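For the protein sequence lines, the chains are A and B, in the order given. Take 50 as the starting number for the first sequence in the working numbering and just add one per residue. Take 489 as the starting number for the second sequence in the working numbering and just add one per residue.
For the record, the hints were derived by calculation from the structure and aren't laboratory data. Note that the structure is a prediction, hence the values are computed from the model and not measured.
Result set (DSBU-like, lysine-lysine): computed pairs, CA atoms no more than 35 Å apart in a straight line:
id, chain 1, residue 1, chain 2, residue 2
1, A, K198, B, K566
2, B, K566, A, K131
3, B, K829, A, K198
4, A, K200, B, K829
5, B, K750, A, K130
6, B, K607, A, K131
7, B, K566, A, K194
8, B, K608, A, K131
9, B, K796, A, K131
10, B, K796, B, K706
These are the residues of each chain, in order.
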Amino acid sequence: MAQIILDMLSERFTAGEIVETGAQHGNEWARVAPPAWLQVAEYLLRAPALLMNMFIDLTCVDRLPREPRFDVVLHLYSIEKKHRVRLLAGLPGTSPSVASVASLWPGANWFEREAFDMYGVVFEGHPDLRRILMYPEFQGYPLRKDYPKEKRQPLVRRLPGSV
Amino acid sequence: MASEARSDLAPRRRIVFGEADVSDFDETNDLPVESMPLRMGPSHPAMHGTIRIELEVEGEKIKTSDIQIGYLHRCFEKECESATWTQVFPYTDRLNYVSPMLNNVGYALAVEKLLDIDKKIPERAQYIRVIVGEVSRVADHLTCLGASAMELGAFTVFFYLIKAREWLWELLEEISGARLTHSYVRIGGVVADMPDGWASRLLDVLGKARTALGDADKLLTNNKIFRDRMDGVGIIAKEDAAGWGLTGPVARSTGLAYDVRKDHPYLVYDRFDFDVPVGTTGDNFDRYAVRMEEIFQSMRILEQALDKIPAGPILIDDVRVALPAKRETYNTIEAMIAHFKLIMDGIHVPPGEVYSFTEGGNGELGFYLVSDGTGRPWKCRVRPPCFANLAILDKVLPGLFIADVVPTFGMINMIGGECDR
Chain A
50 MAQIILDMLS ERFTAGEIVE TGAQHGNEWA RVAPPAWLQV AEYLLRAPAL
100 LMNMFIDLTC VDRLPREPRF DVVLHLYSIE KKHRVRLLAG LPGTSPSVAS
150 VASLWPGANW FEREAFDMYG VVFEGHPDLR RILMYPEFQG YPLRKDYPKE
200 KRQPLVRRLP GSV
Chain B
489 MASEARSDLA PRRRIVFGEA DVSDFDETND LPVESMPLRM GPSHPAMHGT
539 IRIELEVEGE KIKTSDIQIG YLHRCFEKEC ESATWTQVFP YTDRLNYVSP
589 MLNNVGYALA VEKLLDIDKK IPERAQYIRV IVGEVSRVAD HLTCLGASAM
639 ELGAFTVFFY LIKAREWLWE LLEEISGARL THSYVRIGGV VADMPDGWAS
689 RLLDVLGKAR TALGDADKLL TNNKIFRDRM DGVGIIAKED AAGWGLTGPV
739 ARSTGLAYDV RKDHPYLVYD RFDFDVPVGT TGDNFDRYAV RMEEIFQSMR
789 ILEQALDKIP AGPILIDDVR VALPAKRETY NTIEAMIAHF KLIMDGIHVP
839 PGEVYSFTEG GNGELGFYLV SDGTGRPWKC RVRPPCFANL AILDKVLPGL
889 FIADVVPTFG MINMIGGECD R
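Please model the complete structure; the sequences and the hints are all you need to start from.
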């Protein structure tokens with residue numbers, strides 16, 4: 050249904066920016082080389098035949114023990130064309146980072162904060178990258194596969210008068 | 489005597505309403521405006537949700553806002569990763585806890601796509617899913633409207649609408665056994681058929697709910713106090729809606745006619761005749777009006793579904809997915825083993841990834857599931873609609889007054905369980 054997106058992507062990007070494309074269960078997906086993340090996202094937003102103007106979801110998958118360990122997963126939709134695509138970018142286990150797409154879709158702001166909060170993925174160029182669901186003193190990244198479910202956190206003592 | 493007194497006053501400056509003296513009345517000369525931090529929540533009587541809003545105000549006017557969420561984070565994703573695919577249902581109940589059926593259905597559809605059985609679900613089960621889902625949607629909108637009206641002082645409306653919601657929840661309790669956390673849907677169908685006479689009782693309740701909504705409508709829609717706080721407040725531009733990921737009534741209030749049930753029909757929604765109401769200005773009143781109309785549209789769907797529902801099984805006949813009948817389980821060793829394997833190991837879902845989306849109470853409710861071929865999800869991600877809808881408040885609130893936070897926040901309808909997961 051949205052094969053046109055994958056075709057246009059592999060036509061436009063020929064220098065290895067698109068690593069792999071495919072479709073499963075009616076979802077078309079494209080694996081992007083991390084340095085081209087923002088470039089590919091911007092093309093999807095601006096190309097007149099694609100117009101992926103609706104931000105749907107951004108999250109991360111920890112595929113321990115695979116390397117690259119983290120996959121940043123972005124879902125986009127086009128209101129006009131009614132098609133969807135999933136973009137993935139594989140990031141290394143040590144200091145994973147990728148460009149922020151919050152400048153293209155402002156809705157990505159909170160979703161990137163959540164991915165940072167839960168997986169420790171740093172989004173470069175994000176306007177306000179801080180924890181969103183956890184508290185600032187939280188140690189570690191809870192949705193990583195090597196974070197035990199029962200792990201306890203140190204007691205946080207806040208100074209009187211601090212917010 | 490009088491002239492003497494007047495001469496005493498003479499050196500004082502007399503107020504003359506002329507151009508030269510207008511500056512005397514400039515408030516900024518008298519009252520230096522200093523910005524002040526104001527923290528609303530996490531426990532605030534006018535906020536129906538545990539959330540903190542850090543405002544910077546100048547007088548009554550909001551300069552900046554910072555929304556802080558996470559107070560209801562219950563580790564949904566982490567818990568799902570150690571539960572079997574079936575054990576996730578009770579967790580989904582607690583996402584949007586005002587309309588748990590819609591979450592149940594959304595999750596079941598996602599897993600069924602991974603299992604490639606989404607085309608084989610019995611038709612009666614699909615109709616029942618539509619029916620319980622729409623009942624849930626009505627309950628969801630009733631709660632939002634009732635609670636928001638109460639926060640603006642219309643307590644009677646709250647009672648009218650919550651009473652109607654209670655009738656609907658009683659019906660859902662009858663069909664599922666639980667008033668609030670139903671866990672009624674199963675992978676491959678639903679757990680039980682509609683009890684005898686349930687359909688006619690539902691039609692009765694819809695009639696009574698229409699009366700209650702009519703009463704609420706008379707009290708609110710042309711009420712000056714209500715309109716003054718809703719009209720033109722919290723405006724969201726249509727151009728912003730898509731980029732911010734807004735869906736559901738919040739997006740439709742801006743004029744963006746995106747409804748998953750219409751644009752990408754799932755289950756049997758393409759067989760029903762219903763309209764998608766949209767707003768024109770994207771203010772709070774439009775969000776109120778859109779929800780009000782959507783309740784009536786859901787009732788239309790319900791009446792058509794109850795009319796058309798076919799007879800037949802309510803659970804897929806597939807030993808990989810469905811539990812064997814209790815009679816078999818207790819009497820044959822094969823069924824006993826199958827039951828044991830499904831309960832202990834879970835349903836074995838082939839490796840793969842899927843993003844499946846449905847129209848939840850607040851908008852597009854998506855499930856992004858990753859399976860590694862075992863009985864437990866590798867990742868079970870929820871795309872929470874009100875997480876995206878709430879984020880835009882940071883843009884909407886600056887420029888409004890403190891009192892405007894209450895209706896604006898109420899009409900976004902943030903549900904803590906879904907937003908924080």
